[in-house]
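Visitor: Each protein sequence line maps, in turn, to chains A and B. Each residue of the first sequence is one higher than the one before, counting from 74 in our numbering. Each residue of the second sequence is one higher than the one before, counting from 446 in our numbering.
Derived from the structure by calculation, the hints contain no laboratory data. Check before you lean on any hint, since a few could be wrong.
[What the hints assert, rightly or not] Computed cross-link-like contacts, DSBU-like style, restricted to lysine-lysine with a CA-CA straight-line distance of at most 30 Å:
| no. | chain 1 | residue 1 | chain 2 | residue 2 |
| --- | --- | --- | --- | --- |
| 1 | A | Lys315 | B | Lys720 |
| 2 | A | Lys274 | B | Lys673 |
| 3 | A | Lys93 | A | Lys263 |
| 4 | B | Lys490 | A | Lys127 |
| 5 | A | Lys93 | B | Lys450 |
[As the list claims (entries may be wrong)] The following label-pair restraints were derived from C-beta to C-beta distances:
| no. | chain 1 | residue 1 | chain 2 | residue 2 | range |
| --- | --- | --- | --- | --- | --- |
| 6 | B | Ala755 | A | Trp247 | 55 to 63 Å |
| 7 | B | Gln447 | A | Ile307 | 33 to 41 Å |
| 8 | B | Leu725 | A | Ile330 | 31 to 39 Å |
[Stated by the list, open to error] Residues of chain B clear of chain A, computed beta-carbon distances all greater than 12 Å:
| no. | residue |
| --- | --- |
| 9 | Gln455 |
| 10 | Met457 |
| 11 | Gly498 |
| 12 | Val518 |
| 13 | Thr585 |
| 14 | Pro625 |
| 15 | Gly672 |
| 16 | Lys679 |
| 17 | Leu725 |
| 18 | Thr812 |
| 19 | Thr824 |
Predicted model only: the values in this text are computed from it and were never measured. For glycine and all other residues, C-beta sits at the position ideal for the given N, C-alpha and C.
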Amino acid sequence: MALNIAVCIKPVPDPKNYDKVTIDPVSKTVVRAGIPTIINPVDKNAIEAALRLKEQFGGKVVIISMAPPDAADKLREALAMGADEAYLLSDRAFAGADTWATSYTLAVGLQKTGLDFDIVFCGAESADGATAQVSSQLGEWLRVPHLWNVFAFEALEEKKYHVKTKIENGYMEWEAAAPLVVAVSREINKPRYTSIMGVMKAKNKKLESWGVAELNPKRDKIGLLGSPTQPGDIFTPDLKRKSEKISGDPEEIVKTILEKLRAGGLALEGSNYTCEGGL
Amino acid sequence: MQMYKFTEDQEMLRKAVREFVEAEIAPHAQEWDEEDRCPVELFPKMGELGITGIFVPEQYGGAGLGYTERAIVLEEISRYSGGLGIAMMTHHMGAYVINTFGTAEQKQKYLPELAAGTKIGGLSVTEPAGGSDFMGQKSTGELKDGKWVLNGRKCFITNSHVASTDVWTVRTGTDDKGRPVLSTFIIEKGTPGHGPGRKENKLGLRGSVTGDIICSDVTLEPSQMLGKEGAGSKIAMGAIGELGRSGMAAICVGILRGCVEESVKFANERIVYGKPISKLQAIQLMIADNRVDYEAANLLLYSAMRLKDAAQPCTTEVSIAKYFASEAAARAAKRTMDLMGGYGVINEYPVGRFLRDALTSIPSGATSVIQQLIIAGDTLRG
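Go ahead and model the full structure; you've got the sequences and the hints to work with.
Guide: Following this line, the structure appears as structure tokens:
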């Protein structure tokens, strides 16, 4: 037996260039043009989890991503880490997709590979949009269980796993069986470095690009037109600071500061931040 | 940034190495410099990545790549640690001579561990009388009762105290015309009579160990000879000439990139009179000069490596690259210190280390004057 493992990855703007990221005031989308991208950091943890599972039980790791054509180098990078084949879902018709349309497209892409996937790994959320919705939606499209925010994953058997998911005040433990979708968090592992030998092997691995013609998705479920989410507003916050010099004796200055804080909306009443009486 | 264009594969390789260097080398470079310690524990990790065995053939566990890729690796390491750069450069030379001149048995015996980084390579050529008086070396090898007995002292040897596989050149006789016959031997760490001596306290490239190695009646089987008797000159000069000097050029290109990046970072962050100093034209001129020095050194290095990969003669081109890159790195580091004002001499910033590393690179692999003589000789021959 051998496992069929898929990993969904997303290119995101390189954090080194966050200061260059802007938001288009009209389309309300992140302007990524000209900004170098990297594999979404937590997606690398997903790749690592997939590779470890393959190393344990054998099988195949397939990378899939819905992204513009220039994302091919990110898929090649995943292949260099040790994945076996990669599929880039790229078409102008996919542009502007919300999480629902994205997860639908990914599900169609996974189906198109013709492989019966035992497990699909995703990063819990992307570093840019951070909606954290795609993995769960993907599980729903695929009609398989899905676990989110997985920080520990241990295979009890080839298709039976002990899983821990983070919740607000602790964690939950699960026993899960394939097929399923697992969205991992950064704590789950430390992604391996890409080796030079991996880079050399990657160029001979299968990397295909599929568009609408190849995938034949339902047109009302892809791209901007197939996206039910309508963002209310999205804008670049004004981070300008203003300064004001307050003069007077210390007591007057403190009084003025407190008045200004109250006027600015800070609720100080009910709090007792006095040091009277000492420790 | 970078006018020279790599292939897609080379770009991917560079990205992979850079990711490792930024995570595992950059945070510790200052500490290795201050402690003057070679991080030998990192070699097996670099082995897993293919860095230590960059041009060791795949059959021996290496990446089987070329000189351009090796230069990329050294540039990336030396962007943050010139000291580790020269340690790796020397390790590559140790592996190179065994791979190029070794027998099948020697390759099988030594290359897998050198490629894996579980053993560190060294090359011992220079003697107290001077590195450039290559044929005048005094160390000897005598054949006694079917075994070679080596005696002598090597100095200024990188990896002297950390190498587990040392390659020595010694004088094994004199030819018909009275010229010395040099031969080369592989000596394993722990061989009786072989061991490190004085450790040098260097100005720069700290984080690599440099010192003496002594052979005192070291007895070796004939199977430890590398290449044929009398091949020592060819082996040592082959390694030092194009491989060593191109390695030093790559290290200096790394230092130059460090100067560009650190000067840009500082100029954008340092606020004087209410605005970043990058807005000042005097500062911009320095940034431009740093960039030009980097680009020129980079073009010279990688153009020479393209020739080397194509098995074309490139001794002069490598000398040009090494001469220019090392001098340019020193002036760029000094320029970056000027740009930073008082901050330039604070060791919290790496630029002082860049200057010390660049100055130390100038005599490594032969001084600028020797490079000039090689370049002039080739130019005058026409």
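Visitor: Determine whether the non-interface label on B:Lys679 survives the test: each CB of chain A must be over 12 Å from its CB.
Guide: For B:Lys679, whose nearest Cβ neighbour in chain A is about 29 Å away, the distance exceeds 12 Å, so it holds.
Visitor: Confirm or reject the statement that B:Pro625 sits farther than 12 Å, beta carbon to beta carbon, from all of chain A.
Guide: Its Cβ never comes within 12 Å of chain A, the nearest being 40 Å, so this holds.
Visitor: Given the hint that A:Lys315 pairs with B:Lys720, does the C-alpha gap stay at or below 30 Å?
Guide: 17 Å, holds
Visitor: Is the claim that B:Gln455 lies outside the interface with chain A correct, judged by CB distances over 12 Å?
Guide: 9 Å, violated
Visitor: For B:Leu725, is the shortest beta carbon distance to chain A beyond 12 Å?
Guide: Non-interface label on B:Leu725 holds, nearest chain A Cβ at 21 Å vs cutoff 12 Å.
Visitor: Is the nearest CB of chain A more than 12 Å from the CB of B:Thr585?
Guide: With a cut-off of 12 Å, B:Thr585 remains clear of chain A, as the shortest Cβ separation is near 40 Å.
Visitor: Going by Cβ atoms, does B:Gly672 stay more than 12 Å from chain A at every point?
Guide: 28 Å, holds
Visitor: Quick one, are A:Lys93 and B:Lys450 close enough, alpha carbons at most 30 Å?
Guide: 25 Å, holds
Visitor: Sort out whether B:Lys673 lies within 30 Å of A:Lys274, counting only the CA atoms.
Guide: 37 Å, violated
Visitor: Would the pair A:Lys93 and A:Lys263 pass a check requiring their Cα atoms to be no farther apart than 30 Å?
Guide: Roughly 28 Å between the alpha carbons, so the hint for A:Lys93 and A:Lys263 holds.
Visitor: Is it true that B:Leu725 and A:Ile330 lie within 31 to 39 Å of each other by Cβ?
Guide: 37 Å, holds
Visitor: B:Lys490 and A:Lys127 were given as a pair; does the straight-line alpha-carbon distance stay at or below 30 Å?
Guide: Holds. B:Lys490 to A:Lys127 sits at ~22 Å (cutoff 30 Å).
Of the numbered hints given earlier, the model fails hints 2, 9, 10, 11 and 12; all others are met.
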